Structures are given as structure tokens and as C-alpha cells.
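Novice: Heads up: the sequence lines are chains A and B, in that order. Numbering follows the working numbering, with no gaps: position 32 of the first sequence is 32. Numbering follows the working numbering, with no gaps: position 182 of the second sequence is 182.
For the record, the hints were derived by calculation from the structure and aren't laboratory data. These numbers were taken from a predicted model, which means no experiment stands behind them. We put the CB at the ideal spot given by N, CA and C, even for glycine. One should not assume that every hint holds.
Residues from chain A shown here face chain B by an in silico Cβ test under 8 Å; the list is partial [what the hints assert, rightly or not]:
hint, residue
1, T87
2, G146
3, L150
4, D179
5, E196
6, A209
7, G211
8, D213
9, E215
10, I217
11, E221
Cut-off 25 Å, straight-line C-alpha distance, at most; resulting in silico cross-link-like pairs (SDA-like, lysine to any residue) [said to hold, decoys possible]:
hint, chain 1, residue 1, chain 2, residue 2
12, A, K133, B, L122
13, A, K104, A, V226
14, A, K104, B, P36
15, A, K104, A, P136
16, A, K133, B, N115
17, A, K133, A, E215
18, A, K104, A, Q91
19, A, K133, B, L62
20, A, K235, B, T133
21, A, K133, B, D234
22, A, K104, B, L126
23, A, K235, A, K133
24, A, K133, A, A120
25, A, K133, A, S44
26, A, K133, A, D118
27, A, K104, A, N78
28, A, K133, B, A22
29, A, K133, B, L110
30, A, K235, A, S44
31, A, K133, B, V102
32, A, K133, A, T56
33, A, K133, B, P73
34, A, K133, B, T133
35, A, K235, B, G127
36, A, K104, B, L110
37, A, K133, B, P36
38, A, K235, A, Q91
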Amino acid sequence: MRKSRALLVLPVVAAVGLTACGGPASGTAAGTASSSSSAGGDLSGTLTVFAAASLTDVFGDLGDQLMAENPDLDVQFNFAGSSALATQLTQGAPADVFASANEKQMTVVTDAGLQAADPAVFTENVLEIAVPKGNPGNVTGLADFGDADLTLAVCAADVPCGAAAAAVFADAGITAQPDTEEEDVKAALTKVQLGEVDAALVYATDVQAAGSDVEGIPFPEAEQEVNDYPICVLKAAPNAAAGQAFVDLVQSDAGQQALADAGFRAPTS
Amino acid sequence: MRRRPDPGVPLPLLVPALLAVAFLVLPLVGLVVRAPWSSIGPQLAQPEVGQALRLSLVTASLATVVSLVLGVPLAWVLARSRIRGRSVLRALVTVPLVLPPVVGGVALFLVLGRNGLLGRPLYEHLGITIPFTTTAVVIAETFVAMPFLVISVEGALRAADARFEDAAATLGADRWTTFRRVTLPLVAPGIAAGAVLCWARALGEFGATITFAGNFPGTTQTMPLAVYLALQRDPEAAIVLSLVLLAVSLGTLLLLRDRWLGRGSGQGIAA
């Protein structure tokens, strides 16, 4: 079953000129990609990508790129917390690609046998402290999250950024004193942008995306909880060819550069 | 009122009515069927559940009280007064119905947040912050739910026979006395129906609450927020919590209906 699917998508993989779910493409392969995909336009229909909220900006751009290369293709995104997406997928939501912000929620999907091929880690993200411009609460490091006098936001422990935050706090021996446990990382960031909290624990990429309203404070404890982002095409994908093309684009040099520009790191594992 | 023999429901009404019932009730059946009945006891025993339920009931009730105190007079102004720009006013009142609640929550930040129009002076001079408090939950719920009450009561006022008020006026009652002694009793069923609608909407409020009040167990985590977050972790727990919220709200509504609307249910708007 898995083999036949791989054969089905093979022509597209060849057209885009990249390796499948295996890992980042080599430079030469990417070179072939740009030359052959300029001929492009082979893909059509609708491509539905379920992706973690933290990928909103990068994947939006990559989707535009894929649509520009394939005028008949319409790329639709469903950006939400990875666990919400995993729930939707296991409940039968139709999608071609799933990109999770952690291994755990990808496991929910693979345990249900929904993947077309083994997921591959395509990028990494680390936590960072986000403070409003000017840092009104004078936050300097992770230890400030134990200060009950500050107004602080973290993600709820049920969502990936919250699980990572809890682990970081546990490693550092800090009892966090948040005023709110947010439902996802963008909600936490919004409260920093509005200046309603003194600090929030979000991802480096979120700080990057927020622009000048938000300042980022990296902290060494974050290295304890690096988030791996796996991606895969789904078995029930209505448009598996376009799905594979998108996965390949994400893993290509161009995709990796876009991710790096947004504050992500190349996968180390 | 004497009972006439029931002529039955005409078929063109019966079929769509049954479809409507199926449409509204089947999702509930789905929840009941999928509920993990064996683990329902341990799920309910978690302290967070009682905490969230209590907070939901308290805040929704407070939001309803605030809506009654402010909303009934507003409904009267919309239905009875002759001030200019009434239709614009009515349109503005219904804005929270159209606004996605999350946007409503952001709007509340912009006014009452510590950088907001009113919130900044409050914070800088008095040290008061509203977001992330139980007060913020009540404010968010009131913002979203009050229009339901205002529209219900305004409809009741418009449907009520104004001649009773005219008669009171001819007998020398001023407008305030007329409102208190004549209008209020006249539209009481409409007010009760509006209050029930308002309370139910406040109880289910999610978007504005999680945005403006945040989510913290005990202070701002109401049942809808607990359900949403449980869904991230354990869909079965979310089903249990949803059923608890449904059972409590239905039970409360039935109880109130018997007590307040029992005799009046055959007449007026509340029926």
C-alpha cells in the first residue's frame, strides 16, 4: 500500500526534482527543481494543508509560491494548534498534508494509520520570552516567570507550546506564576502585542513574526526543549501529488531558507 | 383559557418541525452516545471541573443581572422613546451579535485593557487592571449576551398593548411610575425569556472570554474554556465536560421555567 502510493507520486517528485519525505534535499536536487519547476503547472485541483499555527506565515508564502508555479492549483491552509488539527484529522477531516509543531501530535495521526509515508522532521523551533516593546516589566530571563507581580502569559499545558514551557520550567526549577494559560501560541503573542502582559513564553519564530511591537529574549534553558516539526502526506489525501510537491518544497533549499528567515532552525537530528 | 379539542399539527408544519428537532438534537445524541460512561465518575471528580462549573454559573448569572439592569432600560429607549437616531442605535446594539467573539475580546482590550482608552487611566492612577480577572469574564459575557436580552425585551415592548400605558398616563401616572407599575408587569414574560436567552449565551461564551479574560483555572477558566482545552488533550474528557455543562444548563432552565413561566407559558412571548 505504502509502496504503491510512493510510485503514484513519483512523477511529481521527479518533476519537482526533490527527495520524498526522507530529509532536506541536496543542493543539486534543488537546482534541478528550480529549472524543471519553472516549466511547472502540472498540479491542479485543491491542496489542503493542515499546519501548526506557528507555520502560518512561512507556509502561506510557500503556498503562494506553489500556486504561482501551478496556476491550476489552489492551496488551502488550516492553521491551528497541532492537537486540534490532530483531532480533526482523526475525526476524518479531509487533508493532504499535516505539519505538526511536535512529534507527539504527529504520533496521534500516525497511530491512527493516517500517514502515506513516515513523517520527516523538517525544522526546529525553540522557546523565547516575548515582551512588549520597551520591556515595561523589565523581564530579563526565565526566572521572571516566577514573579507573581508581573502579568504573565504561557500556553496551556494541553497544547504543545505549553507542554514545552512546563518542561522548561521543570528543568529550571521555576514555579511559574502565569495570569493566563493561553489556548495557542498566537493568542499568547497577541496579548504581548497589545501590551496587556509583561511577558509571554512563545517560540522564537513568533517573536520574529510579531515585528517591532515585540522584543524577544532568548534564554539558555530553552535548549532543553527543542521542538521538532514533522510533516507528511496523508494516506487519504484527495490530492496526494500536490501534497508531496508541497512537502518537497518545504524540504527544498528555498523552503528551508524561508523557514530560517522566519526564525526556525534547520533540523539537527 | 378553555381547552379546545386538539386538531393536530398540519403536515406542512409537522415535517419541517420534526426535521428541525432532529437537526438540533442529533448532535446532542452524538455526544451522549460517544460519552465514555465508564470513566465519567473519575472525570467529574477532578477539582477543576467543579471549579469551572461554579465559575461558569456565577459569571453567567452576574452577566445576566448586569444585562437586565442595563438592557431593559435600553430596550425601553429603543421601543418607546422618540430620540433621534434610534435605528442607528439599534444597529449599534446588535454589533456584538455579528462580531466574531474573539474580535469582541480584542475590542474590549482596546477599551478596558491596561493600554486601553479607559483601562490605561484606571491602571496608571488607581492600579486597577481588568483583564485576566473574573470581572473580565463577566464583562466579556455581558458584552456578547446583552444584545439577546435587549432584542427580546424590545420585541416584547413593541408587541405589548401601549393603550395600557396611555390609560395609566391619563390617570395621572408619570412615565417612570407607568414603566414600573404597568409596562414591566406587562412584558415580564418577554423579559424572562430574554434573560434566559442571555444567560444561556453567557454560559456558552468562549471567544471573547478567552481573549479578554484569558484562561486560568479558578479565576477565568469557565466550562467552555475547560471543554476547549480538554479537547486538545483528551476528546473524551471534553465530551464529559460538555455533557455536564448541558445537563446543568438544561436543568436550571427547566427549573426556572416551572417556577417563573409555569402559569404564563400559555400566553405572551415567553411561550
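Novice: Decide, hint by hint, whether the structure agrees.
Specialist: Each hint tested on the structure:
{"no.": "1", "hint": "T87", "result": "holds, 6 Å"}
{"no.": "2", "hint": "G146", "result": "violated, 16 Å"}
{"no.": "3", "hint": "L150", "result": "violated, 12 Å"}
{"no.": "4", "hint": "D179", "result": "holds, 4 Å"}
{"no.": "5", "hint": "E196", "result": "holds, 5 Å"}
{"no.": "6", "hint": "A209", "result": "violated, 18 Å"}
{"no.": "7", "hint": "G211", "result": "violated, 17 Å"}
{"no.": "8", "hint": "D213", "result": "violated, 11 Å"}
{"no.": "9", "hint": "E215", "result": "violated, 16 Å"}
{"no.": "10", "hint": "I217", "result": "violated, 20 Å"}
{"no.": "11", "hint": "E221", "result": "violated, 23 Å"}
{"no.": "12", "hint": "K133(A) with L122(B)", "result": "holds, 21 Å"}
{"no.": "13", "hint": "K104(A) with V226(A)", "result": "holds, 13 Å"}
{"no.": "14", "hint": "K104(A) with P36(B)", "result": "holds, 23 Å"}
{"no.": "15", "hint": "K104(A) with P136(A)", "result": "violated, 36 Å"}
{"no.": "16", "hint": "K133(A) with N115(B)", "result": "holds, 13 Å"}
{"no.": "17", "hint": "K133(A) with E215(A)", "result": "holds, 6 Å"}
{"no.": "18", "hint": "K104(A) with Q91(A)", "result": "holds, 17 Å"}
{"no.": "19", "hint": "K133(A) with L62(B)", "result": "violated, 36 Å"}
{"no.": "20", "hint": "K235(A) with T133(B)", "result": "violated, 45 Å"}
{"no.": "21", "hint": "K133(A) with D234(B)", "result": "violated, 37 Å"}
{"no.": "22", "hint": "K104(A) with L126(B)", "result": "violated, 46 Å"}
{"no.": "23", "hint": "K235(A) with K133(A)", "result": "violated, 45 Å"}
{"no.": "24", "hint": "K133(A) with A120(A)", "result": "violated, 36 Å"}
{"no.": "25", "hint": "K133(A) with S44(A)", "result": "violated, 44 Å"}
{"no.": "26", "hint": "K133(A) with D118(A)", "result": "violated, 42 Å"}
{"no.": "27", "hint": "K104(A) with N78(A)", "result": "holds, 19 Å"}
{"no.": "28", "hint": "K133(A) with A22(B)", "result": "violated, 53 Å"}
{"no.": "29", "hint": "K133(A) with L110(B)", "result": "holds, 17 Å"}
{"no.": "30", "hint": "K235(A) with S44(A)", "result": "holds, 19 Å"}
{"no.": "31", "hint": "K133(A) with V102(B)", "result": "holds, 24 Å"}
{"no.": "32", "hint": "K133(A) with T56(A)", "result": "holds, 23 Å"}
{"no.": "33", "hint": "K133(A) with P73(B)", "result": "violated, 43 Å"}
{"no.": "34", "hint": "K133(A) with T133(B)", "result": "holds, 24 Å"}
{"no.": "35", "hint": "K235(A) with G127(B)", "result": "violated, 56 Å"}
{"no.": "36", "hint": "K104(A) with L110(B)", "result": "violated, 37 Å"}
{"no.": "37", "hint": "K133(A) with P36(B)", "result": "violated, 47 Å"}
{"no.": "38", "hint": "K235(A) with Q91(A)", "result": "holds, 14 Å"}
Violation of the numbered hints given earlier is confined to hints 2, 3, 6, 7, 8, 9, 10, 11, 15, 19, 20, 21, 22, 23, 24, 25, 26, 28, 33, 35, 36 and 37; the remaining hints are satisfied by the structure.
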